[in-house]
Amino acid sequence: MYCGDEVFSVVGDLGTQSSRFGYAGEDLPKVVFPSAIGNVVHRTGSEEDGDRKKKSTGGASSDVEGAVVAKTKANTSGTLGEANIGIRRTDLELSFPLINGHVQDWDAVECIWAHAFEQLSVKEGAKGVPYMYALPAWASRAESQKSAELAFERFDLGALYLARSPMLSAFSTGRSSGVVCDCGAGSTSAVPILDGYVLNQLVGRSERGGDWLDGKVGEWLESRKAKIGLFGFERGTIPEYMPTTYWRFQEQRVLRDVKESCCLIPQVDSDDGAVFDIEENDAEKGAYELPDGTRVKADKTLCRIPELLMVRGDGAGCSISPADVSPSREGAFHDLPSMVYTAVEKADVDVRKELLGNVILTGGGSCFRGSSERLQYELTEKVPVAYKVKIVTATPLERRFSAWIGGSILASLGSFQQLWLSKAEYEEMGAELACKKRFH
Amino acid sequence: MPHVHKYRRAHPPPRIQTIMSTGVEAADEVGSSFSQFKLQRAPYNVRYIIYEIKEDKIQIEKQGARENNWEDFCADLPESDCRYAVIDVEFETDDGRPTSKIIFLSWAPDTAKVRSKMVYAGSKEAIKRALVGVGIHLNATDRSELEFEQILPAVKRFT
Numbered sequence: 001m002y003c004g005d006e007v008f009s010v011v012g013d014l015g016t017q018s019s020r021f022g023y024a025g026e027d028l029p030k031v032v033f034p035s036a037i038g039n040v041v042h043r044t045g046s047e048e049d050g051d052r053k054k055k056s057t058g059g060a061s062s063d064v065e066g067a068v069v070a071k072t073k074a075n076t077s078g079t080l081g082e083a084n085i086g087i088r089r090t091d092l093e094l095s096f097p098l099i100n101g102h103v104q105d106w107d108a109v110e111c112i113w114a115h116a117f118e119q120l121s122v123k124e125g126a127k128g129v130p131y132m133y134a135l136p137a138w139a140s141r142a143e144s145q146k147s148a149e150l151a152f153e154r155f156d157l158g159a160l161y162l163a164r165s166p167m168l169s170a171f172s173t174g175r176s177s178g179v180v181c182d183c184g185a186g187s188t189s190a191v192p193i194l195d196g197y198v199l200n201q202l203v204g205r206s207e208r209g210g211d212w213l214d215g216k217v218g219e220w221l222e223s224r225k226a227k228i229g230l231f232g233f234e235r236g237t238i239p240e241y242m243p244t245t246y247w248r249f250q251e252q253r254v255l256r257d258v259k260e261s262c263c264l265i266p267q268v269d270s271d272d273g274a275v276f277d278i279e280e281n282d283a284e285k286g287a288y289e290l291p292d293g294t295r296v297k298a299d300k301t302l303c304r305i306p307e308l309l310m311v312r313g314d315g316a317g318c319s320i321s322p323a324d325v326s327p328s329r330e331g332a333f334h335d336l337p338s339m340v341y342t343a344v345e346k347a348d349v350d351v352r353k354e355l356l357g358n359v360i361l362t363g364g365g366s367c368f369r370g371s372s373e374r375l376q377y378e379l380t381e382k383v384p385v386a387y388k389v390k391i392v393t394a395t396p397l398e399r400r401f402s403a404w405i406g407g408s409i410l411a412s413l414g415s416f417q418q419l420w421l422s423k424a425e426y427e428e429m430g431a432e433l434a435c436k437k438r439f440h
Numbered sequence: 441m442p443h444v445h446k447y448r449r450a451h452p453p454p455r456i457q458t459i460m461s462t463g464v465e466a467a468d469e470v471g472s473s474f475s476q477f478k479l480q481r482a483p484y485n486v487r488y489i490i491y492e493i494k495e496d497k498i499q500i501e502k503q504g505a506r507e508n509n510w511e512d513f514c515a516d517l518p519e520s521d522c523r524y525a526v527i528d529v530e531f532e533t534d535d536g537r538p539t540s541k542i543i544f545l546s547w548a549p550d551t552a553k554v555r556s557k558m559v560y561a562g563s564k565e566a567i568k569r570a571l572v573g574v575g576i577h578l579n580a581t582d583r584s585e586l587e588f589e590q591i592l593p594a595v596k597r598f599t
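Same order as they appear, the protein sequences are chains A and B. Sequential numbering of the first sequence, starting at 1, is according to the working numbering. Sequential numbering of the second sequence, starting at 441, is according to the working numbering.
Read the hints as simulated data drawn from the structure, not as lab findings. Take the hints with a grain of salt, since some may be wrong.
Heads up, simulated EDC-like pairs for lysine to aspartate or glutamate below, C-alpha to C-alpha not over 20 Å straight-line [what the hints assert, rightly or not]:
| id | chain 1 | residue 1 | chain 2 | residue 2 |
| --- | --- | --- | --- | --- |
| 1 | A | Lys353 | B | Asp550 |
| 2 | B | Lys568 | A | Asp350 |
| 3 | A | Lys388 | B | Glu507 |
| 4 | A | Lys390 | B | Glu589 |
Selected chain B positions facing chain A (Cβ under 8 Å, derived; list incomplete) [to be verified]:
| id | residue |
| --- | --- |
| 5 | Thr462 |
| 6 | Glu469 |
| 7 | Gly471 |
Heads up, the beta-carbon is just placed ideally off N, CA and C, and yes, glycines get one too.
Turn these sequences into a full structure, and let the hints steer you where they fit.
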């Protein structure tokens with residue numbers, strides 16, 4: 001048992017696109033920054049391609065010593081804080097800790113944590129800080145073990161709790177049963193939970209999320225012959241001395257902004273299934289101005305891009321190419337209504353009513369206008385009449401941070417303090433046993 | 441007559457995993473008073489008991505006298521805070537027999553503070569452990585779900 005009363009604890013939630021960290025008990029995360037690590041590259045040749053050389057990192061640990069915000073060019077590596085991102089840099093190769101919700105690069109995760117702790121003034125050697133970390137429902141046992149090892153052995157934290165983010169989201173809406181639909185950047189998922197258990201076998205998940213939609217926005221721009229010009233360069237061409245990862249990252253930021261400013265999910269008439277025309281019902285007629293001054297007119301195709309995550313697999317009632325919405329080869333669906341439906345269908349008959357009555361829509365990708373109404377419509381169409389579908393949503397801000405908010409509240413409860421996995425317990429049991437006993 | 445755990449028993453979690461909880465436990469009086477409530481023995485010969493979470497414990501907040509009805513019970517639930525409750529519901533079965541059932545209801549209005557919703561949702565398993573023998577678990581998140589006509593079909597499934 002860890003008695004952490006009166007000690008502030010840190011809550012962290014690492015996403016594919018952004019990371020959210022802050023102190024427990026607060027309403028919103030203190031620091032939110034892109035989940036990207038910048039490695040400064042040093043060129044030996046003048047501007048020759050392929051002559052880039054990463055400064056020798058000298059193994060993971062020394063790399064991490066410098067894992068702070070890239071304040072000066074002397075830093076070998078650094079997490080990109082929001083402040084460092086807007087400026088033009090020609091010396092940064094980016095790496096990403098998560099790809100589609102799975103950890104790809106543990107060194108990068110370590111850098112992100114280090115950066116967050118630095119921002120929150122949890123200094124090296126500030127022992128005894130409890131840390132609540134949100135893991136996705138599909139995080140493997142190895143992933144939780146590795147997180148525990150990192151927390152205790154690398155960062156020397158006082159205590160740890162690995163929570164499942166769909167559980168946190170559900171609890172923060174006051175539900176312990178339901179289907180948590182998380183529209184993230186790297187993936188979209190429908191996670192059924194029952195009485196506080198995640199039903200792992202029934203999780204529906206697709207690696208199409210916000211980033212995939214960004215790609216679609218990019219394709220649309222291309223079809224309009226509009227290319228994104230960044231930093232005053234010729235449009236669409238990556239300067240030779242600009243690291244590709246950095247360029248793509250910046251490009252995606254623009255695409256995301258286009259998506260967030262122009263897109264919405266159109267409503268469907270519940271009587272005849274006709275999709276409401278956007279032009280008629282919305283004032284999205286304005287133009288979007290790209291960073292280089294090009295103006296593109298937002299049209300129906302652009303506005304309706306996020307609909308791709310909401311239409312049923314058969315593509316009924318929409319003018320979207322079937323290839324974009326048909327299930328993958330393994331039969332997994334990409335659209336949220338089918339994911340929810342399959343998850344509920346696989347669950348036992350007695351619990352279906354409860355699951356459908358508590359469909360919790362969360363994640364930044366759910367903030368498009370009309371998401372919950374459309375999901376409600378699509379699901380109601382699919383399920384038998386006897387079932388009542390209820391979509392639960394919070395405010396857009398709470399949706400973006402729902403797992404973090406849940407973690408923040410949980411970690412600040414007086415009664416919760418006995419549930420931390422303390423360092424002493426960890427040392428006694430070891431990572432494998434500790435995670436198996438406490439967090440599975 | 442024993443209350444049948446109709447679906448909770450039929451559904452063990454697919455994989456044994458530690459349940460996420462808030463660490464809130466039920467006060468001793470919750471369990472002991474409930475066994476008297478089941479038998480309708482004084483001082484717990486009441487219509488309903490409402491529980492709240494106070495000082496990290498689940499405690500009895502209010503009790504409703506035997507002559508109270510469903511509307512009185514609903515009126516006793518706070519507008520924008522969560523509660524748990526057990527109610528002895530009397531109704532007529534479809535074939536006309538008067539009967540009664542004890543139901544457990546968790547009240548988590550959407551208007552409640554996030555913190556309160558979180559604590560009550562995360563502590564539900566603790567109170568369910570303390571209330572031994574309740575077969576009917578219901579949730580309500582707004583007043584419309586509290587209407588007796590909404591509750592009744594769910595209760596009747598267990599008769």
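Do the hints match the structure? See the list:
1. A:Lys353 / B:Asp550: Since the Cα atoms of Lys353 (chain A) and Asp550 (chain B) sit roughly 19 Å apart, the hinted pair holds (cutoff 20 Å).
2. B:Lys568 / A:Asp350: holds, 19 Å
3. A:Lys388 / B:Glu507: violated, 33 Å
4. A:Lys390 / B:Glu589: Given that 20 Å is the threshold and the Cα spacing comes to 18 Å, the pair holds.
5. Thr462: holds, 5 Å
6. Glu469: Glu469 (chain B) check fails; min Cβ-Cβ to chain A is 17 Å, beyond 8 Å.
7. Gly471: violated, 18 Å
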